[in-house]
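Protein chains in written order, with our numbering: chain A, 1 to 118; chain B, 1001 to 1114.
Bear in mind the hints are in silico, worked out from the structure with no lab data behind them.
Treat each hint with caution, since some may be false.
[To be verified] Just a sample of chain B residues kept apart from chain A, beta carbon distances all over 12 Å, derived:
id: 1; residue: R1009
id: 2; residue: N1018
id: 3; residue: E1044
id: 4; residue: E1056
id: 5; residue: S1062
id: 6; residue: S1066
id: 7; residue: A1093
[Stated by the list, open to error] Looking from chain A toward chain B, a few residues come up when the C-beta cut is under 8 Å (computed):
id: 8; residue: P40
id: 9; residue: E44
id: 10; residue: N67
id: 11; residue: F68
id: 12; residue: S74
id: 13; residue: K105
id: 14; residue: L106
Backbone N, C-alpha and C define an ideal beta-carbon position, used for all residues, glycine too.
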Amino acid sequence: AQKVTQAQTEISVVEKEDVTLDCVYETRDTTYYLFWYKQPPSGELVFLIRRNSFDEQNEISGRYSWNFQKSTSSFNFTITASQVVDSAVYFCALSERKPTGANSKLTFGKGITLSVRP
Amino acid sequence: DTGVSQDPRHKITKRGQNVTFRCDPISEHNRLYWYRQTLGQGPEFLTYFQNEAQLEKSRLLSDRFSAERPKGSFSTLEIQRTEQGDSAMYLCASSPGPPSYEQYFGPGTRLTVT
């Protein structure tokens, strides 16, 4: 069975601080996908990134960076120089890679509430 | 707007009433998912459609819940004889399928059962 653990529940930082959101996952599959989604106060889940299990290269997109370590089953997300607009709930999710036609449902963690204070 | 849309955004109903929600996926996305999210939790999978075929249902989907996707376009989720425990945000997502596994979510329908 798949499982995603986001041990941090709430994080509060001051604007311009760096912050790292942790994600640990469990799966029996050798091929899978990992995701991060952002849920701002408006409620709509916004896709941020997908990472394939066979690609451990870290990724940077502007102030966002992701560190995927298969050896520790972790997929951590760092926001550099945080801004008030980054305040949201962040979810890590896992999906098995399946053949065409099969369900690739997402298994989500419980989310981390990030508050960035001015 | 070419994103996923859901209607209504909010629904308040009395216990025992039936409710129906609609989801319009991104056009040409053949995969459609329903999830339920309660306060302080991540979304939980309910059911999945590929085109018009409902291929998987979670054990969370009791026999009071039914979902359809006629013609493989929009989808509806109906809850019969609502209970207070059904109060939640119901999220719809669509995906183009392999090789793209991203799911794009709608704004959700918040259901409150009084």
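Results of checking the hints against the structure:
1. R1009: violated (9 Å)
2. N1018: holds (24 Å)
3. E1044: Non-interface label fails for E1044/B: nearest chain A Cβ at 7 Å, not farther than 12 Å.
4. E1056: violated (5 Å)
5. S1062: holds (18 Å)
6. S1066: Consistent with the label, S1066/B stays out of reach of chain A, its closest Cβ about 18 Å off (over 12 Å).
7. A1093: Nearest chain A Cβ is 8 Å from A1093/B, so the label is violated.
8. P40: violated (11 Å)
9. E44: With a minimum Cβ separation of about 5 Å from chain B (threshold 8 Å), the hint on E44/A holds.
10. N67: Status violated, d = 20 Å.
11. F68: Result: violated, 15 Å to nearest chain B Cβ.
12. S74: Hint violated; S74/A Cβ to chain B Cβ min 17 Å, cut 8 Å.
13. K105: holds (4 Å)
14. L106: holds (6 Å)
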